Amino acid sequence: MGEVMQSSSILPLEIDNISYVAGGVRLIKDLSLTLSAGTSTIILGPNGAGKSLLLRLCHGLLQPNDGTLTWQGPEAATAGRYQAMVFQRPVMLRRSVTANLHFALKSRAVSKLERDKKVDDILEITGLTRLAKTPARALSTGEQQRLAIARAWSLNPEVLFLDEPTANLDPAATHAIEELIDSIKKSGTKIVMSTHDLGQARRLADNVLFLYRGRLLENAKAEQFFEKPENDLAQAFLKGELLWWHRRELKPPSEFKHPEKP
Amino acid sequence: MSDFSDAFAAALTLIINFESGLAEIVGLSLQVSFVAVLAASVIGLPLGAALAVFRFPGRVTLVVLLNALMGLPPVVVGLIVYLILSRSGPLGTLGLLFTPTAMIIAQTILIMPIIAALTRQSTATMWDEYSEQFKSFGTSRSETVLTLLWDNRFGLMTTILAGFGRASAEVGAVMIVGGNIDHVTRVMTTTIALETSKGDLALALGLGIILLCLALSVNAAAYLINESALKRHG
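Protein chains in written order, with this note's numbering: chain A, 1166 to 1427; chain B, 1017 to 1250.
Chain B with its partners taken away, still in its complex shape (with noise of 0.2 Å):
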């Protein structure tokens, strides 16, 4: 048990201290689920619209493999997006693998059906009301979409935090893609995974609380916006 207080107080230390080494780690992690959270909301945001708005043929059979494809295996993801970035691979003289892009395209290949899925959703329920009086007004297809979009930004904030949190806790893909590299592309999970199995508590322990509180601040700040934007827009 002492093992495991000294370790939490170790932990602590860490924090406070915040010193370069975790540091860099926190950094390197935020700034990949960031920018895969950019490409994937890029991509998903508009397609989850225009799924939600449009008829056309194969669109029900589109709807349930993006719904499907929310359940991604990182793992799997992970063994794809290695296969095509090694060097026998189709993308292999790009270069790519183990380096902090390649576990931004993985981390976008599993958030952007999770981003679609949930925007088609909610835009649907929100078409519902909307789309006779945009039929009757004349509204062109891409403002349609666009107003859409706009109309349900807060609840879409939600949307895009819940793939930021799945980004930043996904250890799977990053870990195959990456490598776990020092100083290259060690993030927290992956840096977890390592450190407890090699014995190193505090270190991971420290991570993982930085993560909790990482995961605790996204759903509050979630939570809030949808709050504040019900009170103002109802």
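Okay, chain A solo, but in the shape it has when bound (with noise of 0.2 Å):
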């Protein structure tokens, strides 16, 4: 896989100890990475673990009770412009398929003219242009997302955030809604995304984050994480064991037992 490697105007994002308390439960703990231009990022772990908001944190949907998120890029002071997010749920504007691109394009203040164009060039990519006049919320599950993954690159993103993207579609939409998101990362947009699908993540992957209850348990290249994950937890969620039990009570992963095999 060939690595786009360009300047950014925002990235890299460094991530300086935070943590985000809700309801006097301190959701994400102390955590600490740096987000670089050019590799698509993984975030791995099982539900609840924090996935989505630190997504929302990066993108600056939340903001953290305590650490810093700081842009290092020449353009850190209006980096929301150059970020987009596609979350779980697709939100679809309650109008045509073409007007939903045209509200996100209004929305960053793209000329009309322009707006014309840049519709009509991402319905023609994404393969959508026979259903530009269609309600957008006649579409099926897997068309909206292709539709709101169309619309946030149609923005020209330098970084995507994408939240569980493909949790509640079908393998053919999942697969298109993948080769989507590898067009999106060869055009050179930082791809940041959640999953607790592995083999997406085999498929996706430059770097992992491996999220436990709040921490960020592994930082690591895809190969290296993959082949010989460092915690503990990441080689029992590798091996598609639940995380349910509790830290203390782990053994090494050659003690676990399976309750098929006694």
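A hint or two may mislead.
[Unchecked claim] In silico BS3-like pairs for lysine-lysine, Cα to Cα no more than 25 Å straight-line:
| hint | chain 1 | residue 1 | chain 2 | residue 2 |
| --- | --- | --- | --- | --- |
| 1 | A | 1277 | B | 1151 |
| 2 | A | 1271 | A | 1298 |
| 3 | A | 1386 | A | 1351 |
| 4 | B | 1214 | A | 1271 |
| 5 | B | 1214 | A | 1298 |
[Claimed, not checked] Here are the computed distance ranges between Cβ atoms for each label pair:
| hint | chain 1 | residue 1 | chain 2 | residue 2 | range |
| --- | --- | --- | --- | --- | --- |
| 6 | A | 1361 | B | 1145 | 22 to 30 Å |
| 7 | B | 1085 | A | 1195 | 48 to 56 Å |
| 8 | A | 1238 | B | 1075 | 33 to 41 Å |
[Unchecked claim] To give a feel for the contact side, a few chain B residues facing chain A, derived at Cβ under 7 Å:
| hint | residue |
| --- | --- |
| 9 | 1151 |
| 10 | 1154 |
| 11 | 1167 |
Please keep in mind that the hints were generated in silico from the structure rather than gathered at the bench. Given the structure is predicted, the values throughout are model-derived calculations rather than measurements. Glycine residues also receive a C-beta, built at the ideal position from the N, C-alpha and C atoms.
These two chains come separately, so use the hints to put the complex back together.
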């Protein structure tokens, strides 16, 4: 896989010791990492690990209670304009596919003339042209997510955050979305995506962040993570073991007992 | 009993002939209510949407107040508008008391809180769904309010029709500020009240039937609009 290296207006993102508290519970705990340009980062972890929260914190939808997030690039002051996000449940405006695309571009103050061209282009590239006039909410879930990603891509983001974009989709739709994400990645956009789908992580990741109960337990290159994860919980996660047990009861992986095998 | 059936027959004749006196009353009713709904919507729709979207000090108080105002007693509103518009009142010099304009003002005050409060509720639901995405796009405040109103247009149509229903059925406020003057401020509801007390059941009943039909068609329209919108936009 060829890595696209390019200079970025906002990256890298320096995350220094952030915590996020909601309802008296610390949901993200003392997390530090750097997101740099050119590679795609996949956030792995079981439900409730804090994957979605971390994405929202990075994108600025939430503010950490402690610690700092700093964009290091020259355009850091207007970092929002260089980012886009796609949510697990696609947010579709009650209007046509085309109008949905126009809306996002208009929000970023793109002129009408430019919008018309961009909308046509993105419909073409993402294969949505035949659905252009359809009300967005009449699309299938897979098509809606494709539109949501197309809409985000049309903003030319340098960083695209995706929160489990295929969690509600069947394998065919998932495949289509993964191809789309791969095209976006090849266009030079940094992908930061959460998933609990290991196969998907293998297919898309350059780097992997493994989150568990609000802590970053492993931050590694994809090959290294999938072949030799250092953290015992990451090992268990990769083996498909559920992570419901308490940490102090953990045994080395060789001593795991499978219920089927006596 | 024959009194009643006679009156009913006379009422139907009145409606079928639709003579000028009746037409005048129905026309003024519709005109007053329509303008009042328009004015209340112009204020109430953006106010409701803004209350749903923006967080500012005093917002909760305003929402509670608005919800309370939904149940404003019409006669009290009539009394207040009367006091303000009467000769010795602050706006007495305008000479608006006992004119259709006074009735429009009273009805606007009555239904604006209804439209604003219902708009706030339905917009808040939609905002829950849209807020993160809009924040991510960087959508401006005015664009946000306009978009929410537009995307909620079919739901808001029901809200506006509810306001229209309340306005056209209301009697207390228009009676006080309008004065029920023949050919000037006489509307359906005030005529019904007057004719009933005079014992002219035919006219009262005829107007009552028209008012009922109006209420029914307004509700039917609201239902149909919602249904077709659900089918088209989900």
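Verification of the hints:
| no. | hint | verdict |
| --- | --- | --- |
| 1 | A:1277 / B:1151 | holds (21 Å) |
| 2 | A:1271 / A:1298 | holds (18 Å) |
| 3 | A:1386 / A:1351 | holds (18 Å) |
| 4 | B:1214 / A:1271 | violated (63 Å) |
| 5 | B:1214 / A:1298 | violated (61 Å) |
| 6 | A:1361 / B:1145: 22 to 30 Å | holds (23 Å) |
| 7 | B:1085 / A:1195: 48 to 56 Å | holds (49 Å) |
| 8 | A:1238 / B:1075: 33 to 41 Å | holds (37 Å) |
| 9 | 1151 | holds (6 Å) |
| 10 | 1154 | holds (5 Å) |
| 11 | 1167 | holds (4 Å) |
When each numbered hint is compared with the structure, violations occur for hints 4 and 5.
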